[in-house]
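First to last, the sequence lines map onto chains A and B.
Take the first sequence: its position 679, counting from 1, is numbered 678 in numbering that gives the first Met the number 0, and each next residue is one higher.
Take the second sequence: its position 351, counting from 1, is numbered 350 in numbering that gives the first Met the number 0, and each next residue is one higher.
Worth flagging that the hints you see were computed from the coordinates, not collected in a lab.
Each hint should be verified, as a subset may be incorrect.
As the list claims (entries may be wrong) - Over the 12 Å line for every Cβ pair with chain B, so calculated as not near, a few chain A residues:
| hint | residue |
| --- | --- |
| 1 | L76 |
| 2 | E246 |
| 3 | R322 |
| 4 | A362 |
| 5 | P378 |
| 6 | G436 |
| 7 | M497 |
| 8 | Q539 |
| 9 | T617 |
| 10 | Y618 |
| 11 | E650 |
| 12 | D780 |
Stated by the list, open to error - According to the in silico footprint, chain B covers these stretches of chain A (three or more CB under 8 Å from chain B):
| hint | region |
| --- | --- |
| 13 | 103-116 |
| 14 | 718-726 |
Here the structure is a predicted model, which means the values were calculated and not measured.
Just so you know, even glycine gets a beta-carbon here, dropped at the ideal spot from N, CA and C.
Residues per chain, in single letters:
Protein chains: 2
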Amino acid sequence: MQTSPRLTHEEAERLDAHWRALVYLAACQLYLRDNPLLGQPLRPEHIKPRLLGHWGTCPGLGLVYTHLNRLIRNRRLEALCVWGPGHGAPAVLAGSWLEGTYGELFPDVPRDADGMTRLFRAFSTPGGVPSHTAPGVPGSIQEGGELGYSLAHAYGAAMDNPGLLVCCVIGDGEAETGPLATSWHADKFLDPVHDGAVLPVLHLNGYKIANPTVLARIPEEELDALMRGYGYDPVHVTAAPDSDRLEVHAAMAAAFDSAADRIGALQRAARAETGADRPRWPMIVLRTPKGWTGPASVDGVPVEDTWRAHQIPIAGVREDRERLRQLEGWLRSYGPEELFDDSGRPLPHVLDCVPAGDLRLGALPQANGGRLLRDLPLPALEPHAVDPERPGASMHEPTRVLGGWLGELMSATHERRDFRMFGPDETASNHLDDVYGATPKGWQARTRPTDEHLGPHGRVLEALSEHLCQGWLEGYVLTGRHGLFASYEAFAHIVDSMASQHIKWVHSAREVPWRLPISALNYLLTSHAWRQDHNGFSHQDPGFVDHVLNKSPEVVRVYLPPDANTLLCVADHVLRTRDTVNVVVAGKQECFDWLGLEEARAHCDRGVGIWEWAGTETYGEEPDVVLACAGDVPTQEVMAAASLLRAHVPELAVRVVNVVDLARLLPHQEHPHGMRDADFDGVFTRDRPVVFAYHGYPWLIHRLAYRRAVHPHLHVRGYKESGSTTTPFDMVVRNDLDRYRLVMDVLDRVPGLAVRAAGVRQAMADVRSRHHAWILEHGTDLSEVAGWRWEE
Amino acid sequence: MQTSPRLTHEEAERLDAHWRALVYLAACQLYLRDNPLLGQPLRPEHIKPRLLGHWGTCPGLGLVYTHLNRLIRNRRLEALCVWGPGHGAPAVLAGSWLEGTYGELFPDVPRDADGMTRLFRAFSTPGGVPSHTAPGVPGSIQEGGELGYSLAHAYGAAMDNPGLLVCCVIGDGEAETGPLATSWHADKFLDPVHDGAVLPVLHLNGYKIANPTVLARIPEEELDALMRGYGYDPVHVTAAPDSDRLEVHAAMAAAFDSAADRIGALQRAARAETGADRPRWPMIVLRTPKGWTGPASVDGVPVEDTWRAHQIPIAGVREDRERLRQLEGWLRSYGPEELFDDSGRPLPHVLDCVPAGDLRLGALPQANGGRLLRDLPLPALEPHAVDPERPGASMHEPTRVLGGWLGELMSATHERRDFRMFGPDETASNHLDDVYGATPKGWQARTRPTDEHLGPHGRVLEALSEHLCQGWLEGYVLTGRHGLFASYEAFAHIVDSMASQHIKWVHSAREVPWRLPISALNYLLTSHAWRQDHNGFSHQDPGFVDHVLNKSPEVVRVYLPPDANTLLCVADHVLRTRDTVNVVVAGKQECFDWLGLEEARAHCDRGVGIWEWAGTETYGEEPDVVLACAGDVPTQEVMAAASLLRAHVPELAVRVVNVVDLARLLPHQEHPHGMRDADFDGVFTRDRPVVFAYHGYPWLIHRLAYRRAVHPHLHVRGYKESGSTTTPFDMVVRNDLDRYRLVMDVLDRVPGLAVRAAGVRQAMADVRSRHHAWILEHGTDLSEVAGWRWEE
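Just chain A, same shape as in the assembly (with noise of 0.2 Å):
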């Protein structure tokens, strides 16, 4: 396949000018704060006080970034780099240094020796640049500081970018971790037509903080077949301590230029439609030593090529001049003289493999994604509203209702191909399969006769990995498109610390004046912990929202909208936003619907309100008590149990208070969708009883709402972590969130109430127990509350 010539003597030593001078920069990152280009003996003075940093993955990196470089300057390639070893940062910002554009994107660190010093100083130091390649970082999609999802994010980076070639350095350690492991079966989704490419580059430099590395310490041909099984065609590279470095730039360039050729020529077959079969994508196993041109040994101990080299290779330098001297001897080996003029400035040479403008790797818009995103041709909400008579008069799925108008959305965007969604095997299971009309599943992988909604160029995706879902939405959205995770409510703590990740990068990313916003992680958790009754306890668990809610509250939203029309509004929503994470639960099964589609607009829009409709308080009066509900079963059973106090104890001034979006509850000054004290006290009011029906965890509501004045009379009922295959009514009875028990509260806290109230309130009691019994029995739900139907 190879078609391009062996690299000339002179080519690689321009080459290996520039990575010299790459590998220089990244190691005076870890020391210098002073006399940058060593025009002077390196001096204590000069020296940072604190030496913080990771030596060990340098050097590769800095290899991949100089042959990246190359390739598309020779090509014109459109290139993106994922940098899995993000702690590596200091070669990919001198790297960018190199290339010119730090200097353009941060003008006061510019591309001479004052901007080389302010490089230094700035790195791994407070105030200054974090040590990983995080949203500061020219180029960069992704931090790399918690191990897992590169290659997930190359993925999602390369989907509908047809022109884009995606890199990825995946580390040894990184390599070992479960989400990594399987993003490599992410081939068989990746379309050759209307995607990019992504080439894996296996990085093993043989350690991780510690320890050896599985795939650096089994044989070369086990390594092989694995990543043949993986379904890649492995090309190999490999250096030594002692190996002539221009040999390597010559495999290199050779490997690079091979990937290059084999890549182009399966996509132009496949677009062609001459490809037979699923292309066998090549990947680059790159051999180097970790620590490969630092200090071979420190005090008679090995460090090149050991574990030793991960981060500070030569410690104390300040305090002991043997080892001040011995650093001075290794940053001089690169021959920074030869490679910088007088005032800090890279020599030609140096420069002679970097790309040009908007295609350095630092420049490229698709790392920055926000300056190409557009926003979504969103449909109309109104020809898939459903419009109920009054409220609770008629019943829908509102995750199909949602289906309907996502496969709407899917069709408007099949040009412009910028909108995907993402599902572990769930997208028919949670009702939203009507999307399957607009696009079908993307597969690449053989198909049979009885294999339904499968093509190869479709956006959906679904693989039985929340990580993979996960992982290629972020590399999706980080470059400049929109999308959408659907999941099992419970499986979402799957991906709780990517979430966290991701949203940490946003947090930082809004920071960084030239990051432009990005569209929003969207996840809607369906499938949710009330209505499990195939699969029990093992599939409840409502607290992913407890874990985003922990997080940057200007980034996290959570939205429960309470029926179909809701849940459209919320999502219409959701898709215009920018620079956050958002996190809609809702339910795919029958649901009351409560609001017309206006009803539900402007519920939406105040995020709370009260429902007059469904209460009996005198408007102008405070009332007696407030019933509070956030969720689809919740509103159905606070429902419910306002039309039973409206029967029973007509005389109660019951309000009803729906909330879509919980981040009202907080304080104003905590989150930007918090209500002010004002607002808030004239919805749940300042002292009468509150009864909160929640959907997740009940304690989640005291964290939110613990400084309001209502706080000591406000009551929650919410999962507690009881349930097993059962009917959807135990699931309500076991967890005490069911209509009987909201009433049995309500009369418990309304003062006099409960004595004056004790016949309804052991009706309620035998109501419950009957059931109970009735379950036991029968298997199902008493007709009267599964039959049961709300009425105004």
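The hints should help you fit chain B onto chain A, whose structure is shown.
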């Protein structure tokens, strides 16, 4: 390698009889509430009112059950099976009912027609048996509700069980998950001398819920390469819808025989020290049609061998005569009259393959780990305890002190081999490396001369996968041993969902009378949010505690020891607990020694204590203010704040409270460790200002304490998602947890004090500003905070 003769026709027929009986019983669990032997024509009233369950995987699981029985019986093997597709519980329940264990453990479900009826009725019914291989299923050690962990569990179960064969059925859906994908690499950590064997059976039935699976749709040679790349030697067994089933039995028996032969040979070689290289363990690729032998089609739509066989293959049988007849025909196709006598007892030939006694899969002691559990020989704490002359007079790294004690525990269990430590390449980074003095890190792959602390028989396992560490530990403790998982605090979120599932397992297992208590699953979270000087924001997340505190209070415990001696006491305690999940959060950096060993013991016994020596209150009088703390860094800052207050506002009566056991803050009716109100009020007062410095997200303390009388006066400081690569003191300043801010908080909250102490307030603000300027200039903390010593 195969040494066993080919199955005779008669043997195959007897195996098929067992398999048919098992599959019949599985299918009936989904459908029947009566007429278990089909003695009468099937009528609607024999059918359950709600049809819930998963059929598709049952025939394949049944095939494994049958052939494992044969293997165990023929070889008198101790074998455990981990059923990855746990939603195939009907097959496993059927297997254990057939072998007699079910009826022994649940005497109301005997091995006759009555028991059969009860078995069918209970399945997936309210108050009955959950639909997955939950703790109530004999022989199960994992529920398989959330997918991904079966193979890690299997490896954990095999460790230090040299005589045990752990078969692990991996569904092709589960195989797509990240945790499973990396679990294959556990073969590089399995000691062939001291550990048992794991025999993975990759069960390809081709479909997930609604999609084909990746591994079933790649060419067989690709799959074969993948398995070889993972280090295994695969054997392929394939059944198609039209296969001669006796041929399938012959192939399956041969595959199991050859695998067992191969395992035996590898173990003998390793144990005789003649094994040359890392063993290539066998594994089986088993292809069966989804819903094999179920209805080929329903209403003209294909079902067998498609995704439609996933759950109930024929729905609506109660209502539709035609479908009822089809169901009856299908069930009769197994020939129940040839399998059971008139009273419902299995006929002798059906049970021919079933092993006896404790060797039955449902009776194996290892699958009910409490049966084998022995108390650990915990070393005395005294030789490891630090001995501070007075509080705060010395400093130690708490985890290093703990590491010495754990090393002694490793030595004490050298022969027993029932204690292990797991960590993602962080044992040394977490300053626990003294354990290497007692045992190396287990490692079976290649080594190099520069490696340290690696050994084939080590009991510290370090793979860069939190999923693998957690899964191994779960498998290890579920089978009756003890262990500890030490992780960077932030990355514990990677296993949030696994922790949830394990807690749910323990919660449910407590309700199963024959399950004996197992040892705790212990987390040590270190390298915590406050000391991520190198790594910054991505490594800062104290929310794992919030996550677990949403779960069953009977199971969950959280400890925040403030110094080395309290960490020792907590570790000693948690390793004695049973049926719990303990989270211990402790720092690895130098930390003041506050308590001598005896004081530490007393403090940890109480869980919460007033540190009289640190405060200025007068005995018998209420203090003016309570300064409370939980966690090592908050304790340091509170002690410094108390010292500043003593110096600057000596007339103020300050009480200092330290919380080790976080659940003490909960009401006693909500958690077994919760304090009664009177006790709580005695410590925190009912109405004095409480300034609480907490290690994690501050609102967690509100969520725990919102019911307490003092709650309106409670002010909490903690980590509020502000961080970067910066200095230790800058971290506490950024998050308003620093001593100066705490002093200001006190001044602001004690009535009248703010005005009186305006000068002090200003002094506090000044030093904060001065610190800020200093670190921006120098990159290190001001010496007066970095070098600060707490003095009495």
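These are the hints, each one checked on the structure:
A cut-off of 12 Å between C-beta atoms confirms that L76(A) is not in contact with chain B; the least separation is 29 Å. With a minimum CB-CB distance of about 23 Å to chain B, E246(A) clears the 12 Å threshold, and the non-interface call stands. Once the 12 Å rule is applied to beta carbons, R322(A) is consistent with being away from chain B; the minimum gap is 19 Å. The beta carbon of A362(A) is kept farther than 12 Å from every beta carbon of chain B, the shortest such distance being approximately 24 Å.
Look at P378(A): its CB is around 25 Å from the nearest CB on chain B, clear of 12 Å, so calling it non-interface holds up. Chain B leaves G436(A) outside its interface by the beta-carbon criterion, the shortest separation being 15 Å against a cut-off of 12 Å. Taking the minimum C-beta to C-beta distance to chain B, about 9 Å, the non-interface status of M497(A) is violated against the 12 Å cut. With a least beta-carbon separation of about 8 Å from chain B, Q539(A) fails to lie farther than 12 Å from that chain, contradicting its non-interface assignment.
For T617(A), the requirement that its beta carbon stay farther than 12 Å from each beta carbon of chain B is met, with the minimum near 31 Å. At roughly 32 Å from the closest C-beta of chain B, the C-beta of Y618(A) stays outside 12 Å, upholding its exclusion from the interface. Once the 12 Å rule is applied to beta carbons, E650(A) is consistent with being away from chain B; the minimum gap is 31 Å. The claim that D780(A) is not at the interface with chain B is violated, since a C-beta of that chain comes within 12 Å of its own (minimum 9 Å).
Check on the region 103-116 of chain A: 0 of its residues sit with their Cβ under 8 Å from a Cβ of chain B, so the three-residue criterion for coverage is violated. Taking a C-beta to C-beta cut-off of 8 Å, the region 718-726 of chain A contributes 5 residues in contact with chain B, enough for the three needed, and the coverage statement holds.
Checked against the numbered hints given earlier, the structure breaks hints 7, 8, 12, 13 and satisfies all the rest.
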